[in-house]
Amino acid sequence: DARVTQTPRHKVTEMGQEVTMRCQPILGHNTVFWYRQTMMQGLELLAYFRNRAPLDDSGMPKDRFSAEMPDATLATLKIQPSEPRDSAVYFCASGRQGYQKELFFGSGTQLSVL
Amino acid sequence: QKEVEQNSGPLSVPEGAIASLNCTYSDRGSQSFFWYRQYSGKSPELIMSIYSNGDKEDGRFTAQLNKASQYVSLLIRDSQPSDSATYLCAVEYGNKLVFGAGTILRVKS
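First to last, the protein sequences are chains E and R. 1 is the number of the first residue of the first sequence in my numbering; add one for each residue after it. 1 is the number of the first residue of the second sequence in my numbering; add one for each residue after it.
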């Protein structure tokens with residue numbers, strides 16, 4: 001059963017701490033997307049990768065957020081230092097480059113910054 | 001700025017009725033359109049994709065696309081209480097998917 005795996009499922013941290021979220025895309029998928037979801041803003045695109053190369057991170061606050069894909073099976077999203085306004089659900093999604101651009105989402109990381 | 005607009009709802013329909021969900025988008029160059037369903041506390045799940053003008057049917061779901069009007073819709077026939085969820089319209093803009101805010105659907109038994 002192919003699925004996108006995200007860890008941790010929940011994270012509670014204090015303001016100023018570093019947060020790292022991890023994502024394992026579906027085997028064979030070559031695009032990875034990071035989205036953030038809040039009640040006010042809905043799903044916002046933070047960054048995306050194709051063949052492990054970052055193509056767009058314009059949705060990310062550059063001073064505190066960073067996204068990497070060290071290998072084809074792992075994508076990471078880091079926040080340092082974290083702030084209460086970063087509290088949200090962070091989703092990773094993967095897909096295949098090509099005409100059909102369906103994305104498959106992981107279960108998300110529920111982040112609470114106190 | 002690329003936009004995807006949806007009525008936030010909630011849209012309430014009785015069990016067995018047809019639910020009609022609508023979406024408009026701003027970029028005429030978009031070629032790929034998707035509907036995702038999201039249950040409360042869960043992740044978005046792809047239910048339909050459509051790439052050409054016209055209708056596409058899959059079981060109780062029909063997606064409709066009108067590129068000239070920049071309009072996408074989702075019809076759910078014989079609505080069930082289990083269809084109660086938020087439905088997200090997503091539009092491809094240059095290899096990125098931009099999502100609408102979603103429409104809350106409530107199916108009353």
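In case anyone wonders, no lab produced these hints; they're calculated from the structure. Careful, some of the hints might be misleading.
As the list claims (entries may be wrong) - Covered, in the sense of this in silico footprint (three residues per stretch, anywhere, with C-beta under 8 Å from a C-beta of chain R), are these stretches of chain E:
no., region
1, 16-22
2, 32-46
3, 72-86
Unchecked claim - 20 Å max Cα-Cα, derived SDA-like pairs, lysine to any residue:
no., chain 1, residue 1, chain 2, residue 2
4, R, Lys2, E, Ser107
5, E, Lys101, R, Asp78
6, E, Lys101, R, Gln80
7, E, Lys101, R, Tyr71
8, R, Lys42, E, Gln110
9, E, Lys62, E, Thr73
10, E, Lys78, E, Ser58
11, R, Lys108, R, Tyr71
12, R, Lys42, E, Ser107
13, E, Lys101, R, Gln64
14, R, Lys42, E, Gln80
15, R, Lys42, E, Lys62
16, E, Lys11, R, Lys108
17, E, Lys78, E, Gln110
18, E, Lys101, R, Lys108
19, R, Lys42, E, Ser58
20, E, Lys101, R, Glu45
Stated by the list, open to error - Here's a subset of chain R near chain E, in silico, CB distances under 7 Å, partners left out:
no., residue
21, Gly29
22, Tyr39
23, Ser40
24, Ser43
25, Pro44
26, Ile47
27, Ser49
28, Glu92
29, Ile104
30, Arg106
The C-beta atom is built at its ideal place from N, Cα and C for all residues, glycine as well.
So, going through the hints one by one against the coordinates:
A stretch counts as covered by a chain when three or more of its residues have a beta carbon under 8 Å from one of that chain; for the region 16-22 of chain E and chain R the count is 0, and the coverage is violated. Counting residues of the region 32-46 of chain E whose C-beta sits closer than 8 Å to any C-beta of chain R gives 5, which meets the bar of three, so the coverage hint holds. Figure legend: the region 72-86 of chain E, annotated as covered by chain R; annotation inconsistent (0 residues with Cβ-Cβ distances under 8 Å, at least 3 required). As the CA atoms of R/Lys2 and E/Ser107 are separated by approximately 26 Å, the hinted pair breaks the 20 Å bound.
A distance of roughly 29 Å separates the Cα atoms of E/Lys101 and R/Asp78; the hinted pair therefore is violated under the 20 Å criterion. Under the criterion of a C-alpha separation no larger than 20 Å, the hint pairing E/Lys101 with R/Gln80 is inconsistent with the structure, at around 28 Å. For the hint pairing E/Lys101 with R/Tyr71, the CA-to-CA distance comes to about 19 Å; that is within 20 Å, so the pair holds. Of the supplied pair hints, the one linking R/Lys42 and E/Gln110 holds, its CA atoms being roughly 11 Å apart against a limit of 20 Å.
The suggested pairing of E/Lys62 with E/Thr73 is violated, with an alpha-carbon distance near 24 Å, which exceeds 20 Å. With a C-alpha separation of about 15 Å, the suggested pairing of E/Lys78 with E/Ser58 holds against the 20 Å cut-off. For the proposed pair R/Lys108 and R/Tyr71, the alpha carbon gap of about 27 Å is over 20 Å, so the pair is violated. Note on R/Lys42 and E/Ser107: the hinted pairing holds, with a Cα-Cα distance of about 7 Å set against a maximum of 20 Å.
The straight-line distance between the Cα atoms of E/Lys101 and R/Gln64 is roughly 18 Å, inside the 20 Å bound, and the hint therefore holds. At roughly 26 Å between alpha-carbon atoms, R/Lys42 and E/Gln80 are farther apart than 20 Å, so this suggested pair is violated. At roughly 28 Å between alpha-carbon atoms, R/Lys42 and E/Lys62 are farther apart than 20 Å, so this suggested pair is violated. Pair hint E/Lys11 plus R/Lys108 does not hold up; C-alpha atoms about 35 Å apart against a cutoff of 20 Å.
The suggested pairing of E/Lys78 with E/Gln110 holds, with an alpha-carbon distance near 14 Å, which does not exceed 20 Å. For a cut-off of 20 Å, the pair hint linking E/Lys101 to R/Lys108 is broken: about 33 Å separates their Cα positions. Restraint check for R/Lys42 and E/Ser58: not satisfied, since their Cα atoms lie roughly 26 Å apart, outside the 20 Å limit. Between the alpha carbons of E/Lys101 and R/Glu45 the distance comes to roughly 14 Å, so the proposed pair stays at or under 20 Å and holds.
Restraint check, R/Gly29 versus chain E: the minimum CB separation of about 14 Å is more than 7 Å; hint violated. The closest approach between the C-beta of R/Tyr39 and any C-beta of chain E is roughly 12 Å, which is over the 7 Å cut-off, so the hint fails. Taking 7 Å as the C-beta contact cut-off toward chain E, the hint placing R/Ser40 at the interface is violated, the least distance being around 12 Å. The restraint placing R/Ser43 at the interface with chain E holds, with a minimum CB-CB distance near 4 Å, inside the 7 Å limit.
Of the supplied interface hints, the one on R/Pro44 holds, with its beta-carbon coming within about 5 Å of a beta-carbon of chain E, less than 7 Å. Interface restraint check for R/Ile47: the shortest CB-CB distance to chain E comes to about 10 Å, outside 7 Å, so the restraint is violated. The beta carbon of R/Ser49 comes within 6 Å of a beta carbon in chain E, closer than 7 Å, and the hint placing it at the interface holds. A hinted interface residue such as R/Glu92 counts as satisfied when its beta carbon comes closer than 7 Å to some beta carbon of chain E; here the least separation is about 5 Å, so the hint holds.
Interface hint at R/Ile104: violated, since its Cβ lies 12 Å from the closest Cβ of chain E, which is beyond the 7 Å cut-off. Violation of the interface hint for R/Arg106 is found here, the shortest Cβ-Cβ separation to chain E being roughly 17 Å, above the 7 Å cut-off.
When held up to the earlier numbered hints, the structure conflicts with 1, 3, 4, 5, 6, 9, 11, 14, 15, 16, 18, 19, 21, 22, 23, 26, 29 and 30 and fits the remainder.
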